[in-house]
Amino acid sequence: MIEALIGFVAIFALALLRMPLAFSMGLVGIVGIGLTRGWDPAFASTAQVVHETGFAYTLSVIPLFILMGNFVARAGLAHELFAAAYAFIGHFRGGLAHATVAACAGFGAICGSSIATAATMSKVAYPSMKKLGYSDSLATGVMAAGGTLGIMIPPSTIMVIYGIITETNIGKLFAAGVIPGILTALLMMGAIVYMTSKDPEHAPAGKRSTWSERWAALRGIWGVVLLVFVVLGGIYGGLFTATEGAGFGAAGAFLFALARRRLTWKILFQVLVESARTTAMLFTLLIAATIFANFVNFTTMPNDLKEWITHLGLSPVLIITAMMFIYIVLGTVMEELTMVLLTIPLFFPIVTALGFDPVWFGVLIVMIVQIGLISPPVGMNLFVINTLLPKVGLSNIFKGCWPFVLVMIFVLGLLIAFPQLSLWLPSLMK
Amino acid sequence: MNKLLETVCGLLSGTALFAIMALTFFDVGGRKLMSQSIPGSFELTELLMVVVIFGAIPLVSMRGEHVVFDSLDSLLPAGLRRVQGIIVHALIGAALVALGYLMFKTGQQFAINGDNTAQLKIDKAPFIYGMGVLSAVTGLVHFALMFNPAPELAEGEGAAL
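These protein sequence lines are chains U and B, in that order. Residue numbers 26 to 455, in the numbering used here, belong to the letters of the first sequence in order. Residue numbers 19 to 179, in the numbering used here, belong to the letters of the second sequence in order.
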């Protein structure tokens, strides 16, 4: 127990000294195994982890989904999604804000990244909102919060990572995110209704589209619909594994970008290398996290923790709620990927020992990451929008995102109280 | 030097990634539609994954895209941060060069045992040597970063979430 605790403290210390997290975890893991088991096993197991993680067919799901998202972002499909959403709900008060949330949800169904969703949408939605006199805080808050739907609505990078480190079925995780994602989108729209009722002139309604305009707008998004149908439908229907679906999706998105003449050789190269870099960064983390987890599993910590928790005799739901509270607080100051990778080796054994479904816990983790991405002072989505729209100012963005943080905390509560919201769809899968 | 590394590593990892995509697409398409798969596609994907990951790691380091806890940055004076950078990069550089040596040794073991893939009988050793070489190259990148730190990233650049 003590060895593992020292390990965690050492990682935090190194991370605070600005050592990249991957190297902090990897070094502490190797040294930990070296000191407790001997240096030969430490080096042998390190070499084994590095080469096994490299040569892993199933892990190719990571670069393929990242590639799909990057192609989709370049294909310019976001404009059509936004136009279609606006054609249907733009005539309500705050119509552009509603349309932004809906378009983010749609974009989230083909892109697994919150930051990419927020960044793409800010280019599409902000100019329209600005033109109609929307306040900056509402406009940016909606884009930052809507962007996070990208990781709850499948595909989702963070779900893939969670699935890999906890050995949970990625297809089931994807299915589990659908209802919570749609629910979050609907409640965000509810929040927009409430906010705009207090301040109507900052969120005027657009003009009502005719049905022929609506059908025309729908025709613009057939590509997105087809991709979602083939990739996610194929995974849910048992036609594909997640890896196969990702390969199909990436190739489909590539063909779309090609057909829409959005790809030059230079852009293609950029997209490929950018995706490869994100992959390499994630794999460095995965390799390091595995080395560290190997060390922790050699110690008595996982068992000690389980025993301690059972001895406490608290109700399991209370323990989960306490964990979520810790996460929300940590998420305000920590980068979310770091937070998840560092805490999962600690929390996951407890969660399974309490008899909870790993798929359900995965959805909670995604929700926590969503909240963390938009909760000040450290929220990546907020910073990204601040970089893209420097004139708005961080304080305005902070002001705009708070209502959505509260909405998401409310959804988190619902997900804890009603596990069926997450688990019903995966239970239907073959 | 930077330009050369970017081109070589970019071409390596980017082409390998495109190949994985095409391979999965045709393999799955062929299997589902015409009950014909590409022989050895699994193992080819595995070998290509090694190229994608290890080909791109030097680029991640060069651009400073590793996940870093940087919330304390604004609190530290610039001089102290420079010293911190030198120590951190020296440590990482040494660790990666050592990892390169370790993987090279592992590669030799694979070569002696004649380990190859199950279906296509492709030797694994060259790929493990490659892991070793590229780890060591990444280590050298970190040594270079000791005195020429990577430029600040734009927010969200290289982020995965």
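In case anyone wonders, no lab produced these hints; they're calculated from the structure. Treat the hints with care, since some could be wrong.
Listed next, the in silico DSBU-like pairs over lysine-lysine satisfying Cα-Cα at most 35 Å (straight line) [as the list claims (entries may be wrong)]:
1) U:148 to B:21
2) U:416 to U:148
3) B:50 to U:416
4) U:223 to U:424
5) U:156 to U:416
6) U:232 to U:424
7) B:21 to U:331
8) U:331 to U:156
9) U:232 to U:291
10) U:148 to U:232
11) U:291 to U:416
12) U:291 to B:21
From chain U, some residues computed to sit far from chain B (all C-beta separations above 12 Å) [claimed, not checked]:
13) 208
14) 319
15) 380
No residue lacks a Cβ here, since even glycine has one placed at the ideal position from N, Cα and C.
Evaluation of the provided hints:
Annotation: proposed proximity of residue 148 (chain U) to residue 21 (chain B) holds, straight-line Cα distance about 30 Å (limit 35 Å). Between residue 416 (chain U) and residue 148 (chain U) the CA atoms are separated by roughly 14 Å; this keeps the pair inside 35 Å, and the hint holds. Simply put, residue 50 (chain B) and residue 416 (chain U) have alpha-carbon atoms about 51 Å apart, too far for the 35 Å limit, and the pair is violated. About 15 Å separates the Cα atoms of residue 223 (chain U) and residue 424 (chain U), which keeps this hinted pair within 35 Å; it holds.
Distance check on the hinted pair: residue 156 (chain U) and residue 416 (chain U) sit about 15 Å apart at the alpha-carbon level, within 35 Å; holds. For the hint pairing residue 232 (chain U) with residue 424 (chain U), the CA-to-CA distance comes to about 28 Å; that is within 35 Å, so the pair holds. Between residue 21 (chain B) and residue 331 (chain U) the CA atoms are separated by roughly 52 Å; this puts the pair beyond 35 Å, and the hint is violated. For the given pair, residue 331 (chain U) sits about 56 Å from residue 156 (chain U) by alpha-carbon distance, which is inconsistent with the 35 Å threshold.
Restraint check for residue 232 (chain U) and residue 291 (chain U): the C-alpha separation of about 40 Å exceeds 35 Å, so the hint is violated. Pair hint residue 148 (chain U) plus residue 232 (chain U) holds up; C-alpha atoms about 22 Å apart against a cutoff of 35 Å. Distance restraint check for residue 291 (chain U) and residue 416 (chain U): the Cα-Cα separation of roughly 30 Å lies within the 35 Å cut-off, and the hinted pair is therefore satisfied. Distance check on the hinted pair: residue 291 (chain U) and residue 21 (chain B) sit about 15 Å apart at the alpha-carbon level, within 35 Å; holds.
Residue 208 (chain U), annotated as away from the interface, keeps every beta carbon of chain B farther than 12 Å; the closest lies near 21 Å. Look at residue 319 (chain U): its CB is around 15 Å from the nearest CB on chain B, clear of 12 Å, so calling it non-interface holds up. The non-interface label for residue 380 (chain U) is consistent with chain B: the shortest C-beta to C-beta separation is roughly 29 Å, beyond 12 Å.
Figure legend: structure checked against the earlier numbered hints; hints not met, in rising order: 3, 7, 8, 9.
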